[in-house]
Amino acid sequence: MRILYINNDGAGFADHVDVADGTTVSKLFEQRVSNGRPADYLIRVNRQPAASDQVLQPGDRVSFTPTKIEGASQA
Amino acid sequence: MPTFNRQFWRAAGHLEHHLKRRVDHGPPDLPSFVCFQRLRVLTDRLHVMEQRRLSVSAKSVSMALHSELDRCQSQITSALEAMSTRCNVDAIPTQACLYAELIALATEFDRCEVDLRKGTLSVVTECIVLEDLDLGPFQISLDWKSAHGSTSKYVVHALEPSCPEYRSHITHPHVMNDRLCEGEAQSALRQALQSGRLTDFFQIINRVLHTYNSSSPYASIDDWNGTNCQDCGANIASDCSHCHACGDALCDDCCTCCSICETSACVGCLQICPGCENQVCSHCANVCERCSKSVCPECLDTTTQLCQECDNVAESEDCEPANGETADDCEAGIEVQPAGLGEVAVPA
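Just so you know, the sequences run in chain order A and B.
Everything in the first sequence is counted per my numbering, starting at 1 for the first residue and increasing by one.
Everything in the second sequence is counted per my numbering, starting at 1 for the first residue and increasing by one.
Treat the hints with care, as some may be off.
Claimed, not checked - Quick look at which bits of chain B chain A covers, simulated, 3 or more residues with Cβ under 8 Å: (1) 45 to 59; (2) 191 to 205.
Unchecked claim - Label-pair ranges, simulated between beta-carbon atoms: (3) B:Cys-163 / A:Pro-38: 35 to 41 Å; (4) B:His-244 / A:Pro-38: 56 to 62 Å; (5) A:Asn-35 / B:Asp-222: 29 to 35 Å; (6) A:Ala-39 / B:His-17: 37 to 43 Å; (7) B:Leu-80 / A:Asp-40: 28 to 34 Å; (8) B:His-244 / A:Asn-35: 42 to 48 Å; (9) B:Gly-136 / A:Asp-40: 23 to 29 Å.
Rather than coming from a laboratory, the hints here were simulated on the basis of the structure.
Note that the Cβ used here is the ideal one computed from N, Cα and C, for glycine as well.
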């Protein structure tokens with residue numbers, strides 16, 4: 001099934017991706033954010049907080065936003 | 001199901017209109033030929049200044065050239081982003097989508113306000129606390145009418161500012177003059193705004209405010225409340241003088257310097273030369289080989305490596321008479337022969 005996957009980490013990513021039917025939020029996270037922990041991200045499905053075991057539906061909008069994003073001072 | 005918010009619906013319509021304007025805005029705004037001519041003139045002038053070693057003039061021209069290049073770059077970047085949007089018209093969110101974003105925004109943040117007249121969308125964060133430093137809440141305001149490509153204007157304003165000592169224009173380690181230095185969030189912010197993902201946009205800024213990057217702040221948290229002079233304890237600015245030897249912060253009154261090399265130092269790291277009573281740092285001081293006192297280079301005899309006092313003592317010790325010598329002999333420097341030297345017994 002096709003969902004909108006958004007990852008606001010690093011350079012950012014936002015595009016439609018295909019995932020297997022029955023994929024849960026946690027499963028998608030494991031597949032897409034291999035080096036991260038769910039606790040270090042704000043996870044939203046259709047702009048709402050979601051449980052890790054929530055099963056994704058076709059057309060869902062899933063976003064992962066890191067809780068720690070470093071700003072800087074301009075050189 | 002949340003109740004219909006008419007103001008948000010109208011704001012979503014305005015936002016959709018402004019986002020579309022980026023596409024229907026006519027040809028991209030490129031730097032003019034005059035701009036490139038000016039860049040060439042400044043570059044040539046800088047080259048001449050440097051050849052003639054006119055450093056002050058060269059610096060002034062460098063700054064002008066830098067400013068002009070920066071302006072050119074901004075124009076080219078905006079034009080590039082406008083072209084990117086044109087190439088991806090389908091990515092412009094609909095009014096319904098933007099309305100959903102605003103509803104979600106109001107859920108993520110306690111306060112979410114729309115000003116249709118000014119064309120601004122604002123949220124208020126919770127109190128930002130970084131390493132026990134309470135910076136208070138911040139208002140993030142997006143001016144959608146200034147949208148040019150993905151570089152709309154937004155400000156990050158401290159509602160209960162807590163500024164570092166002597167720097168009231170810094171309200172957060174990464175916010176100066178209400179402008180956030182985006183750091184690693186820059187690209188994600190541009191993409192979120194370009195796509196109309198308002199919730200992501202404000203949430204990314206919020207996360208930057210909640211994160212302290214100790215390697216590159218406008219002002220570090222350690223120095224936020226200033227520091228204390230290590231000698232007298234007075235509260236001083238963080239960019240105060242420091243002792244070159246031990247690194248301690250010093251106020252203007254307590255900061256002294258070595259009389260030889262003139263580097264700044266605290267009283268504890270300077271020694272008083274017993275000869276001339278000048279203050280000398282450990283790098284400049286020499287040690288008398290006899291008494292081990294530290295003296296300045298001018299008060300140490302380079303031949304004997306002795307201080308004046310020890311040198312005098314050594315001289316007087318050299319002149320003390322041995323057995324059979326008189327003080328006069330000693331002073332005359334006559335070498336005294338032992339009694340009977342060169343004498344032979346002469347028979348009667």
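Hint by hint, here is what the structure shows:
Beta-carbon proximity to chain A at under 8 Å applies to 0 residues in the segment 45 to 59 of chain B; the threshold of 3 is not reached and the given coverage is violated. A stretch counts as covered by a chain when three or more of its residues have a beta carbon under 8 Å from one of that chain; for the segment 191 to 205 of chain B and chain A the count is 8, and the coverage holds. Separated by about 36 Å at the C-beta atoms, Cys-163 (chain B) and Pro-38 (chain A) satisfy the suggested range of 35 to 41 Å. A beta carbon spacing of about 50 Å between His-244 (chain B) and Pro-38 (chain A) contradicts the range 56 to 62 Å that was offered as a hint.
Our hint of 29 to 35 Å for Asn-35 (chain A) and Asp-222 (chain B) holds, since their Cβ atoms are close to 30 Å apart. Distance hint check: the CB atoms of Ala-39 (chain A) and His-17 (chain B) are about 40 Å apart, consistent with the given range 37 to 43 Å. In this structure the hint that Leu-80 (chain B) and Asp-40 (chain A) lie 28 to 34 Å apart at CB holds, the actual value being about 33 Å. One distance hint, 42 to 48 Å for the beta-carbon pair His-244 (chain B) and Asn-35 (chain A), holds here, with the actual separation near 44 Å.
For Gly-136 (chain B) paired with Asp-40 (chain A), a C-beta distance near 25 Å keeps the hint of 23 to 29 Å intact.
The earlier numbered hints that this structure contradicts are 1 and 4.
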